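> Single-letter residue listing:
Protein chains: 2
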Amino acid sequence: MYEQKTLLEAYNAASIHLAGHGKRDVEVLKQAFAGIEGTISSDMYGSGAVIEDFQTEMAEVLGKEAAVFFPSGTMAQQIALRIWSDRKGLKTVAYHPLCHLEIHEQDGLKELHHIRPVLLADKDRLITLDDVRNIGEDIACLLLELPQREIGGQLPEYAELEAISAYCREQGIILHLDGARLFEVLPYYGKTAAEVCALFDSVYISLYKGIGGIAGAILAGSEEFTEESKIWKRRHGGDLISLYPYILPAQVYFRQRAGKMGQYYEEAKELAALFNGCDRTATLPEIPVSNMFHVHFALSKAQVEPVLIRISEQTSVALAARLKETGPDSCSYELNIGDLYSGIPKAKLKEAFELLDRLLQEA
Amino acid sequence: MYEQKTLLEAYNAASIHLAGHGKRDVEVLKQAFAGIEGTISSDMYGSGAVIEDFQTEMAEVLGKEAAVFFPSGTMAQQIALRIWSDRKGLKTVAYHPLCHLEIHEQDGLKELHHIRPVLLADKDRLITLDDVRNIGEDIACLLLELPQREIGGQLPEYAELEAISAYCREQGIILHLDGARLFEVLPYYGKTAAEVCALFDSVYISLYKGIGGIAGAILAGSEEFTEESKIWKRRHGGDLISLYPYILPAQVYFRQRAGKMGQYYEEAKELAALFNGCDRTATLPEIPVSNMFHVHFALSKAQVEPVLIRISEQTSVALAARLKETGPDSCSYELNIGDLYSGIPKAKLKEAFELLDRLLQEA
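As they're listed, the protein sequences go chains A and B.
Basically this note's numbering = 1-based index in the first sequence + 653.
Basically this note's numbering = 1-based index in the second sequence + 653.
Hints are supplied without guarantee of correctness; some may be wrong.
[Claimed, not checked] If we take Cβ atoms under 7 Å as the criterion, some of the chain A residues that face chain B in the derived model are:
1) Asp678
2) Leu839
3) Leu1013
[Stated by the list, open to error] Coverage of chain A stretches by chain B, computed from C-beta distances (three or more under 8 Å per stretch; other residues unrestricted):
4) 692-698
5) 898-910
Hints listed in this document are in silico derivations from the structure and should not be mistaken for laboratory results.
Please read these numbers as outputs of a predicted model, since none were measured by experiment.
By construction, the Cβ of each residue, glycine as well, lies at the ideal position given by its N, Cα and C atoms.
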């Protein structure tokens, strides 16, 4: 009896993937370490050249006084908000309803730090200056995420961002950047990381999104802020004896990929246009402003899954590993362009998208 | 002008080290990964064969229903105490005054979890059944550390441990094991890990002490307990996208070294006897009960440092990387036996200890 493959199985079996840098496997680690001298010593509880040099490098890139390496952004950002709340003597912060802290962290901010978030804007749009003007209560800190991942990676216009920053400074509101994908938006803004970060008091960046490291994050700001963050890092259990298995690959892949974000951005626009050319398919944003976008189908998950499985089996091109149900007749998924996309023959793409268009019409 | 080396510089320059498994450097990582298939996939946020298989293996070794891999013991243990405190509706736990949570974690337990510790026993001795009987207030949980690291790695007699466990069960006090060095004490107790763990409701073990992994910890207990710990792991920022750079070496080194703890223990006794044969030198415990002990000198740090530097320069044997001042005329340091010790020629040891004895007499 023939057993239908699941979408994830079909994805894993396919030889061509649109998104990402490749598999997250042991080989990635081996490759990252292959070029590194065996005699280099581990960091030790936050000290040592391996961690200190990378922190200095990142502080310079971000234009901040100092930077601290964290095992995760979850830890780094809760700590940033805790420090600012303590500084202001105010247990209230503001962020987007789909902020990572609100939907992906099991309420760590509330359960561990007893900080209450004020949710700004609607779920399906960006925070505007007007939203910030109309908070209506005192907040210690405003967190902005660039790009806003859960709505396809949308971005405010740069002038709006500058206006929000100026308003916060005027009002004594601390501004924190969730820059998990900061490097990914620099080509659209036409700014350096330091220029964008200058608008913020503190900044978090991820080292495994567009950069493609193994895991890890950087929290940057004033020396006073980062020193305090190290105390909280110890409290959270993040001041590990050795973080070098994350730091060294982060350094390798940062140097390899930070300069390729413009390429990924152009490729994302090209790929989004291919999706938008298909029946009952639309990307969000329509024209990407970074390496990422969401693909929305005006068909149920149960209708789209067999289409994507058939495409991967017939063309070897895997479009998605999983779909998210967004309604009875709609579903979506996220795409992040990385190193893989440029290696895909254009004829293969054409074949896959012609088939997608046809099968969606028939679905 | 001749510049005197510091003790740490002399230690690093010496070719023979008494303690540990060797350098914590990039080579250790490369070696751990050399024997592992490149195609093995990373864990993903706590899922995947890499993490699940190791957790199952550790649960079996510890004789518990389930086990969870954590990036650090700091995180694992705060979470264990939080879960038990919540379960009992009681924000009080008891532990030794030199417990890791009390002296090495920047008060994370208090600052993040608002749990108040009751300190049992004096700093320089173990917790006894009498101490537990006389707490005089309700506690949710008692934490016992085996061996008690900060006092040289001392251990209660097994019968005492059984009596404390029975008393806690009788009284409805949860018993948690800080087993950072659990495998290291099994040869002395003549028990399996599961036998010792059966006395406890929850257990933490470290994967980089005697085991010699890169970093990481296991928290084990009932399925209900470990499932709750995963929620807190996410809240703490410890549910990383990828923990495999720690898990795979932990598995490699666990299999390599868990069976060598008896050898390390015998070697620790041999080495302690060599120290105890020297002038103004005593080990704590006098006869080790694990792979570790502390060396105490009845001389000031300023007097002992040049002695140790001279020994390392003259014999290539480094006895200590640093000394802790314990009084105006006393200092000490910790020794943990690992793979290196058995490779040291006995004649070298004899030469180093004869010189130590002579120089301390002259100091």
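> Min Cβ distance, leucine 839 of chain A to chain B: is it shorter than 7 Å?
23 Å, violated
> Using Cβ atoms only, decide whether aspartate 678 of chain A comes closer than 7 Å to chain B, and label the hint accordingly.
With a minimum Cβ separation of about 5 Å from chain B (threshold 7 Å), the hint on aspartate 678 of chain A holds.
> Under 8 Å between beta-carbons, do enough residues of the segment 692-698 of chain A, three at least, approach chain B for the coverage claim to hold?
Our answer is that it holds, as 5 residues pass the Cβ test (under 8 Å) against chain B, meeting three.
> At least three residues with a C-beta closer than 8 Å to a C-beta of chain B: is that true for the segment 898-910 of chain A?
Our answer is that it holds, as 3 residues pass the Cβ test (under 8 Å) against chain B, meeting three.
> Would the hint on leucine 1013 of chain A stand, with a C-beta cut-off of 7 Å toward chain B?
Result: violated, 29 Å to nearest chain B Cβ.
In this structure, the earlier hints numbered 2, 3 are contradicted, and the remaining ones agree with it.
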